[in-house]
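Asker: One-letter residues, chain by chain:
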Amino acid sequence: NAGVTQTPKFQVLKTGQSMTLQCAQDMNHEYMSWYRQDPGMGLRLIHYSVGAGITDQGEVPNGYNVSRSTTEDFPLRLLSAAPSQTSVYFCASRNGWMNTEAFFGQGTRLTVV
Amino acid sequence: AQKVTQAQTEISVVEKEDVTLDCVYETRDTTYYLFWYKQPPSGELVFLIRRNSFDEQNEISGRYSWNFQKSTSSFNFTITASQVVDSAVYFCALFFQGAQKLVFGQGTRLTINP
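Quick note, the sequences are listed as chains L and U, same order. 28 is the number of the first residue of the first sequence in the numbering used here; add one for each residue after it. 42 is the number of the first residue of the second sequence in the numbering used here; add one for each residue after it.
It cannot be assumed that every hint is accurate.
[Stated by the list, open to error] Here are the simulated lysine-lysine pairs, DSS-like style, with alpha carbons at most 27 Å apart:
(1) U:142 - U:111
(2) U:79 - U:44
(3) U:79 - U:142
(4) U:111 - U:79
(5) L:36 - U:111
(6) U:142 - L:36
Source of the hints: derived by calculation from the structure; they are not laboratory data. Remember, it's a predicted structure, so these values are computed and weren't measured experimentally.
Construct the complete structure from the given sequences, taking the supplied hints into account.
Answerer: Below, the structure is given as structure tokens:
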């Protein structure tokens, strides 16, 4: 029962570097999403996907790219990291339009120096 | 606008006290869902409860209870006889099917002191 798996758990980047946060789920869920968690602001939606090949922007998409080539994977790319992207990132998945229950990964703590 | 407000940023109580975490939401949707999640110091998000907009029955699960009132747009969470293990950040969240999004409140950090 792996559920939603995020890698890495921790990462330190220098400003301007690029990297990809990985997210994989083994529940055959259609919907996947990325959130960032910042102190005092709860979790905010970055990007989401309603199925393979379909992605859309959330509340705070700037500086991030996503793609969904398979049902299982939903990577989040930072093309040129900035200190403002220091945050904890959560990936979530759920099954179907009517199914509201979201399963979250363990989170990735990213620090940009 | 869809919004969730948790006005209590931090709460600190002594073990065995009862504590209520407030959650107020805004939405124009008639069909929506409300959630509570717990985030312990280890960082993961733990699902606690989901309630849909058509079900105003209060729910009790062990020491946890939830009071959903549509008239005041509130979905409050009470922990009875709190324990140190209840120390965590608690998030209230709103899901509205119109936009298929989960909107979180700012979170309440609850500290239970022995």
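Asker: For residue 36 (chain L) and residue 111 (chain U), compute the direct alpha-carbon distance and say whether it is at most 27 Å.
Answerer: violated (39 Å)
Asker: With the threshold set at 27 Å, check whether the alpha-carbon distance from residue 142 (chain U) to residue 111 (chain U) stays at or below it.
Answerer: Holds - the C-alpha atoms of residue 111 (chain U) and residue 142 (chain U) are around 20 Å apart, at most 27 Å.
Asker: Checking one constraint from the list: CA of residue 111 (chain U) to CA of residue 79 (chain U), max 27 Å. Satisfied?
Answerer: Between residue 111 (chain U) and residue 79 (chain U) the Cα gap is close to 23 Å, so the pair holds against 27 Å.
Asker: Going straight from one Cα to the other, do residue 142 (chain U) and residue 36 (chain L) come out at no more than 27 Å?
Answerer: holds (25 Å)
Asker: Please verify whether residue 79 (chain U) and residue 142 (chain U) have alpha carbons no more than 27 Å apart.
Answerer: holds (19 Å)
Asker: Decide if the proposed pair is consistent with the structure: residue 79 (chain U) and residue 44 (chain U), CA atoms, cutoff 27 Å inclusive.
Answerer: holds (19 Å)
Violated hints amount to a single one, hint 5; each of the other numbered hints is respected by the structure.
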